[in-house]
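Since the structure of chain S is provided, determine the placement of chain B on it from the hints.
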Amino acid sequence: MTAIVFDNVWKEYGDHVVLERIDLTIAPRSFVALVGPSGCGKTTFLRMLLGEEKPTRGKILVGGNPLKTEPDADRGVVFQRYSVFPHLTVLANVMIGREFERACLLGKLFGEARRAAEAEARHLLEAVGLKGHEDKYPASLSGGMQQRLALAQAINRKPRILLLDEPFGALDPGIRADIHVLIRRIWNENSLTIVMVTHDLSEAFRLGTRVIAFERPRNRPEELERYGATLGEVSAKAIVAASGASITQDFDVWPRKVAEPLPSADTQLDLKLASANGAKPPG
Amino acid sequence: MRLLNLKPDRTWSIALAALPFAALLAAYMMGSAMRLAENPNDKLLPSLTAMGEAVKHYALEPDPRSGLYLMWNDTLSSMSLLLTALAISTFIALVFGILIGLLPIMGATFGPVVGVASMVPPLALLPILFIIMGLGDAAKIALIVIGTALKLIRDVALRVEDLPREQLIKAQTLGASTWQIGLRVVLPQMLPRLIDSVRLELGPAWLFLIAAEAIASDSGLGYRIFLVRRYLAMDVIIPYVIWITLLAFLMDLALRLLQRKAFPWFAGARAA
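If you read the protein sequences in the order shown, they are chains S and B.
Heads up: the first sequence runs through residues 1 to 283, numbered per my numbering.
Heads up: the second sequence runs through residues 1001 to 1272, numbered per my numbering.
Since the hints were derived computationally from the structure, they do not count as laboratory data.
Source: prediction; values computed, not measured.
It cannot be assumed that every hint is accurate.
[Unchecked claim] Only pairs whose alpha carbons sit at most 30 Å apart, straight line, appear in this in silico DSBU-like list of lysine-lysine:
no.: 1; chain 1: S; residue 1: K158; chain 2: S; residue 2: K54
no.: 2; chain 1: S; residue 1: K131; chain 2: B; residue 2: K1261
no.: 3; chain 1: B; residue 1: K1261; chain 2: S; residue 2: K108
no.: 4; chain 1: S; residue 1: K136; chain 2: B; residue 2: K1261
no.: 5; chain 1: B; residue 1: K1007; chain 2: B; residue 2: K1261
Extracted from the complex, chain S is given alone in its bound form (with noise of 0.2 Å):
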């Protein structure tokens, strides 16, 4: 299993630092859940995980090797928007993860492999409930049967990570609570761990197995001309060098949660379609 960890990881742009001292041990099937105000680097967090930024200083380790440093298929992404390709049908954003894997010269597979591919990419849009909707286009489909196209674009390559950023942010609150359901089920279904970025506290605390808050102390200039602090300008300057967000919270939530353990390591990626058609998941 991988476990991924933070050995005192620091980013900072020029003078700027936007994470400090970041030490931190994520355990293999957990469900992350980073919360704090905007601006606090939780989204610089998540991509350094991605692997679209480099740490300063410090390392990332998952499974106890240094993490690649460009994004790649062991690491799962949905992002708020702009997650799946609008030039392809709901099918084929599913399918071309396997295209990218199976098809390395063309992109694309034909005959035998595709109609695999394609049965593959059916089954499992079934079961995130897009079933009926293989042959439109993504912006045909409502915020919420967006991000269920993008759960399961992203789950079909079956990465280890699952790093969702603030991907319910823009959804109305009852289709909301309808893919807490589907996530928690993908989360209980796959041998995955995920670190969702959110700043809503209470999403955070019924999907999280864990949640960690990020937050900046206040002592930029602007904020220190706001709480009235007189500093000299030199000294604020070398505060403001020394100052990113780091962790300030960070807890188990209780009652624990845990993901359900798996069947069988060969069954283990399977979405159960049976819990898709009306089942309670657990949890």
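Same frame as chain S, but now just chain B:
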């Protein structure tokens, strides 16, 4: 009701659209009739019948000297140059635009040179092209390609850069290589956008074609206009100009239809 809320229905839209055309035609006919009443040999504003005669002569009767139907021959010659050049331009723009927009290394290498080169006025290059490539078709095609391809490349590159970064990251997390991303994610999304860009470049393409034909040619729509200009043959020039306009309009319409039929997802994606 406020003026800005008054929307014409379909019938009215057609009628209103026809109105300026009818007004132009009426104004021409009046002007022509007035001048011809004063001087029946006036060449400046020929009557519609005179123009009809000229078109009949050029389009429906073979030229006694060459045996060719001149208007069709001119059209064929011009269109083949124009379409060849536009096809070359489009292909170049697609390849280089995607490379420059997608790969930072290519962008750093070729972005600036394309930016500078696209500022060269293409017509200023025409003498150079004639000197190097001779007065034949190659020089004319080269002029149109130079005049349109560089702008198209910049356009495609900008549109590639406009793709949300989330899409490219997402493709990577699905295990795609650079080549696969170019082929399956970027290229298909650029094709309908390229059609828009090509539509905007149709005007410049015609401009360069007619300019090149006017200077050195023995057939073509631009050649004919400049040839008969010597005889003040407005009865030929005006129908030719209308014909060129119609051809350009139809090309634009065809591209628009192609975009709608071949890329049904594009309208929705653009609105989103």
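A quick look at each hint next to the structure:
1. S/K158 - S/K54: 24 Å, holds
2. S/K131 - B/K1261: 26 Å, holds
3. B/K1261 - S/K108: Between B/K1261 and S/K108 the Cα gap is close to 22 Å, so the pair holds against 30 Å.
4. S/K136 - B/K1261: 15 Å, holds
5. B/K1007 - B/K1261: Distance of about 28 Å is within 30 Å: holds.
In the structure shown, no violation is registered for any of the earlier numbered hints.
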